[in-house]
Each structure stands twice: as structure tokens, then as C-alpha cells.
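J.: What follows is each chain in one-letter form.
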Amino acid sequence: MAVELQFEKKPRALLNVIDSWIMIKRSSTHILRNTDQLLGTFFQPIMFLVLFAAVFGGAIEKALPAGVDYLDYLMAGIIVQTVAFGSTTTAIAVCNDLQKGIVDRFRSLPMSNLAVLNGHVVSDLLRNTISTVVMLLTGLIIGFRSSASFTDWLMIAGILLLFTFAFSWLAAIVGLVAKSVEAVQWLTFIIIFPLTFASSAFVPTDNMPAGLKIFAENQPITQVINAVRSLILGTPIGNAGWLAVAWSLGLLAVSVPVAAWLFRRKSVA
Amino acid sequence: MATAEAVIQIKWLTKAYGKNEVLRGIDIQVERGTMLALLGPNGAGKTTTVRILSTLLDFDGGDVRVAGHDVKREADKVRRVIGLTGQSAALDELLTGRENLIMMGRLYRLTKASATARAKELLEQFDLVKAADRPAKTYSGGMRRRLDLAVSLIASPPIIFLDEPTTGLDPRSRLAMWEIIKRLMANGTTILLTTQYLEEADQLADQIVVIDGGKVIAKGTAAELKSKVGKDRLELTFKDAATYKSAQDVLGKSVVDANEKEYALSLVINDTNKDVKNILEALDNAKATITAMAVHKPTLDDVFLSLTGKQAKIEKVEAK
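Residue numbers (our numbering), protein chains in the order written: chain A, 1 to 269; chain B, 1001 to 1320.
Only chain B is shown next, with the shape it has when bound in the complex:
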């Protein structure tokens, strides 16, 4: 993409609250029609970055442009082309879903007719038709997030910021949210998404920027980041304790992980073809019967762990 144009451009961005440096020189570029995931643990500076991009927060140093507009001097022009979905659903609890949508549409300066028609369309797209005329306070967590996202799309802005859109959602609602986000990407919307979930970044984003402690510590596609940590692993499961033991003797030092209860061993491999062939031959000679075998590519969790030294958030555990 030689002619691709950076719609979101952050250069050497710094921000401090007193002595607490939240952002210590961040560089990020997002090209038109692509999605970038900003990945990092709690307190890495993700939300601060999004708040700066959406003109909610002032910053100390650097240059931030959205659709070519300076977020400091041309905040109003920036606001016309962005949609923001924050961490907590920013809805009017007493207004209905439809009223929320129409109100925000009007505030985006849509005509009454356009706001009403678009609200109807979004309620259908986001599966909120039945709940459309109930106050937002009666909505479930998943519905609330969907309405919140719908609200930020009311004027079809070409650029969307999604700040941890699935944090705290149950797995089913999360998948539904991913589907919606994928549809947005298909429409050519430029998206910047922040997340603590590696799987989310892996599934959705074209580019991933990993930040920690207010600094970018890695960037690239999911595949590039994985190849950085990169060794593949061969995972073997054996029939019984005896074969497991003899396999362990044969393979010796190349075993990096062993699970005695499940008779499972895992080994690092560099060359998938040659190494696997050699290992299998050696096991065959020792008459160690394998019941299962798998080649495991590194996950973003591995990447994250090796980059930040912190355990990544475990998907199954629900935050908050």
C-alpha cells in the first residue's frame, strides 16, 4: 500500500499528570480503511491516547492529527469525522435506545429526518429493535455496549475509536461485538481499537501496537509479532506412563515442558519438516507410541509475555 494515507497520525506524543508520565513518546499511524489495535495492560496509556485523539484531553508534547486536522487547533473539524465508544457506556439512562440515537444524531448536526431514519437502520443492524423504545437503563450489558457503539455510528463517521469495546462482556456478547466490528471494517471505516485481550487484536486488527508504561514496545502485524518470539512447538501425547518415560529418556534436553499426568511433552522446533521427522524416528526406534501430536504456533499471549514480562489477561476470566 504505497499510496496509503495515514488518517490517524501520532508523533512523539507525551502526556504527564504532574510527575506521573502516562505517555512517554508514542508514535502511531493508522492508514485509511484499516484497523489498528492498541494492545497493553491496564495503565499502559491506551485510554489516555484515545481521549487525546478524540479531543477530550490536552497533551504536553508531540503532534496528533486525525484526518489531517490538528486535534488541538481544529478540534471541531476532528469531532465531525470521529465516533467514540468509551469504556463505560455513555448513554442517557432515562432515554430510550431510539431517543439516545436520535439525540446524538441531531448533535452531530444531522437533520431530523436523517437522524430518525439512521436510528431505525442502526437499531435493526444491532438487533435492538425490540428494545428500541425502552429506557437504556433496562438494557443488559451486551445490549448497552451495542447501543453505545450504534450511537457512535449515528452519523457514519469515517474514523472510529473503540476503547476496550468488549471488556466485561460475556463470551457470546463478545463474539457478537466482533461480528459488528468486522462489518464496520468491511465498510471501509478506519478503526483504532484498544484492548487487553490478545485474541481480540489477533482476530480483528491489521496492525498491532503494543504499549506498556506509556511507550510503544512493539508494532507490526500479528504474524510479525509472533515470529519475533517465534519458535514453533511440537506437542506430543503418549499412550501410558512407560512410553512417556522412555520418550523422555530419548528426547532428553530438547523437552521444554512436560506433563506427567497427561503423558504429554512439548519440544521447541526450528525447522518443522526436519525436526519433526528426526523426533518421530527417534521415538519409533525407542518404541514410544504417540497418541496425539500437534505443532503449536506462538500466540500473541506468548508475544505479550515476552515483551512486557507480564502475564496477559486470561480470556475466560471476566473483568469487573
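In isolation and in its complexed conformation, chain A is listed as follows:
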């Protein structure tokens, strides 16, 4: 062999972190190379925002507190909805890796196995951040205004990043459980669609039927939306901020170990 091979001599824990970094780079490259993902990242959020604001704006504004513009109200909901649906990408990517046999290769290497999941989840965070920025910029163009201070925006960013991270881990579980990419698509759809629609994303929950109202007001996505919305509109945040963080942390505490366990089991079966 002409090339003299040098191996890394760093401590194991550090090498495992490097593995994750390598896998994050891999998954992030996918965002740019995959046209579908690129469209999903840039255009879908714009489309949703503009359509919802235009179609529902006039009708729903009447149900909002006086002086609240629907676009300003909608922004929090549409961001959280986009992020939630965006996590489908993690589920599909995990499922694809398992189907295509590349996970077998990764597992035959002396690398950290969890790096594969870390890569997908963290690149999802990056992709969702891009989508969110695109939506905010589009919003600004069509008239979105917020009284939030810089600190408020930092808090919004924190709440959203934590929620995205948690939701992507949940999506990773779907990707590990589903038998095909098609199955991933409808499975994520039947989980995410009701969660985002039976929430405060698009309309106030006050006028919903009693049973639905109880669900809508107490489920995690509503908490995250309410927290972000209060910060955007400058209204009292109440418990929403803490509840949003608590839900996200709780979701993480459950989904990370479950995903890790499934990943290990899936590949040895």
C-alpha cells in the first residue's frame, strides 16, 4: 500500500463525539443535495404562511382580541406546525438508512452507533431553523410585526429549538418502527396532523367543542405555540413557557432512550 495509514489516537469519548459530527455533516449535506428537501425547507413554509394568512385571515380576525392582526397571531402556530411536520424528514431518513443497508455498514465499523441518529436529528434542527427564518422573513414582507425584544427572541429560539429537538427524536422512533418510507409518511401524518390542528395553531381554542377543547388546550403543541405567541405578541405568557419546556424535556427523556434501544435492537435482530 502506497498510503501510510494513521489512526486517531484521541480518547474514546471524544472519538464518539467526532462520529456524531461526521454524521451531522452527512445529513446536512443531504439538505442541499436532495431537491425535495430543499423545496420542503424553503417553499412549503412560505406557501403555508401566505395561504393561511390570506384564506383564514379575514374570517378569524373577528374571533381574535381587538387589535390583534391575524398574521401576527398565526406566525407562532405556523412555525410550530412547520417544525412538527419538518420532523418527518428525520423519520424518513432513519427509515431509508435502515432499508438501504447503509446502517449495516455503519454497524460493522468501530464507530458510535448512536451517531447515525444524532446526525439526522441535529441536521433536522438546522433545516427547521432555516425554514423558520424563511417564514419570519416572508412574514415581515407581507406585514408581520412583533413587539418582542431581543431577549424575547432568544427565548423564542430556545423554546423552538428544544421542541424541534424533542420532536425529531420522536420522529426517529417512527422511522425505526415503520417498515417502509410510505408507512413513515402516513404514520407521521396521523400523529402530527391532529396534534397541530387540534391546537391553538390557527384559531383560538375557545370555540371548539368541549372534549376537543380540553385536549387542544392541554396538549404539548398548544403549550409551545402559546408560549411563542405570547412572546411575539407581548401578551402575558402565564405557565405556557414552563409547560412548553417541561413537555419538550419530558418528550426527550422518553424518546431518546427508546430510540437508542430500538436502534440497537433493530440492527441485531
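Hints may contain errors.
In silico DSS-like pairs for lysine-lysine, Cα to Cα no more than 25 Å straight-line [claimed, not checked]:
#1 Lys9/A - Lys1112/B
#2 Lys1077/B - Lys10/A
#3 Lys179/A - Lys1019/B
#4 Lys10/A - Lys1112/B
It is worth saying that the hints were derived from the structure and are not from the lab.
Based on the hints, put chain B in the right spot on chain A.
T.: Chain B in isolation, oriented as in the chain A frame:
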């Protein structure tokens, strides 16, 4: 090779999925620097064996060691010395050939400089330089297999598992793959190759293990296996229908196969010198003129057929 050392050692390996026993007590040893071909039909247990050897799959009973490491307890040590090329190309479709190589090299814990240099070297060796910076999804089947093999060689592991490396390849790509595998063997790599193609095992392997239904049904060199089924055949072609007919009368019962359209007969011979001489004399006396004659040694196809009772895969027909 009295001092030869078994780098791959499988003892009484069993594996079942529920009631379906896939491996029913397999023993295999591969010595350092040699190639063993695991030959068998679909569903014989070849891939299962390779997955167990490469730490991807748990097993029920037996002892499996790779480079002296127990694959169950010392999986990590095993992973550092093996390279795996599976049946489906395990590549990242969206990354380029070069990116795939460097990524896998880094995951083998090569330094960035080493991974980059080695990737360049492999791209040259595997004739992928022009395609190096195109996404893998644009590659042809042959290129994909070459890249897949290159990826498993990125850290120059001393032990390589090749799971049906040429299944589904066109004949030209298959020959190119064989050349690459031969070069690997020349470098002293220990190789375990699975295949459904007898010719492949015959061409490449030092030792052949035939498995069927999760059991080893024969092992040895290609020559040893052939001698087991072993009779040589004499194949004769005659000038015309008349000579063909009279030859058939003269040779009578010793004819084992006859082709009337091509005026061809084939006979089993035990002693090449004596039998051929006698047959030719008899034909000469009957004035049966021969236009062509050949002694046919048994092929591994014959071996396979007699061992498993199944027709071996025909080379020309492309799988999948």
C-alpha cells in the same frame, strides 16, 4: 501450511429465527492470507454467516472468532480489523464517491489526512477517478459495486467479507471485480466470499465450503471437490449420421449422453490413457470417423448438482 493460523474460526454455529433453523451447526476455518468461498444456493445461510462474522447479527450457539476476538464479547475489536461488502451497495446515495470513502475512513477512525489520501488512492485503483465527485446515485451497477468494495477497503482491514460481490453484475463488470479481488489476495488479505456462482469459487478461492440448508455438505479445494464427483468424460463428435450410428453400435452401453443432431457422444472414462486408446481402436475398426474429441473434467456445477440435488445457477442468466 503447518504453522498457518486460522484468522476466521467458526465452531458449531447455530442460528434460528423462531422455528426456522437457518444455521444448523456450521464449522469453518479460514487461514491467514487465504480465500475461502462459501458456496450455496439462495437461503443456504451464507448471508446469515457473514452477518454473524461482521458482528451485525446475534447467534444462538457455537463459537465465532475473527482475528482471535470473540464476535459477541469483543465486537469492537472485530470491527477494527474487518471490511464488509454486502449484497446491496451500502452507500450514501447523495454523497459523492470521494465523500463516501472519506466519511467511512473517518468512521474507521482514520485521521483526516489519511482518509483523504487513501480515498484518492482507491479511486485510482478502482477506476473511479472521473466519477469521484459525482453523487453515488448517478453510478452504474458496476461502479456502485466497485465503490462499495473500495469503501470496505478504506482502512486496509486485514480481513474482508464479500457477500455475493458479483450477483447481478454483467459479465464484463464481473471480470473486473474478479481482477480486483485477485489483487486483494495478492496483498495478503484474508477473504471470505459467498457466492452462488460455481465458476467464481473455482476461479478465486483456495478453499471451498459448500453449504445447503444451514449445514456444511462438503469442503475442500476445487480439485478435491471435483474429484469427489469425479469421473472424466470423453466427448466425441462424428462426421455424419452414418458414422455416428455405427459408433453408437460399437460403443453400446458405455455411452452416457448422445446428441443426434450434432452427431456427438459422451462416455465416462476411468483411466484416461487406456480407455481412450481402447475406444479409439474400436471406432477405427468400425471405420467411424471422428471430427472432434475432448476430455471433459467435472466442473463444480457437477459437484454442486450431485451434492445438493439442485441445478446450480447458470452463469449467463443475470439475477435480478
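J.: Hinted pair, alpha-carbon criterion (25 Å max): lysine 9/A, lysine 1112/B. Please report holds or violated.
T.: Status holds; Cα separation ~12 Å.
J.: Is the Cα-Cα distance between lysine 1077/B and lysine 10/A 25 Å or less?
T.: Holds, at about 16 Å.
J.: Quick one, are lysine 179/A and lysine 1019/B close enough, alpha carbons at most 25 Å?
T.: Judged against 25 Å, a Cα distance of about 23 Å means the pair holds.
J.: Is the straight-line distance between the alpha-carbon of lysine 10/A and that of lysine 1112/B 25 Å or less?
T.: Cα-Cα ~13 Å, so holds.
In summary, the structure agrees with every hint in the numbered list given earlier.
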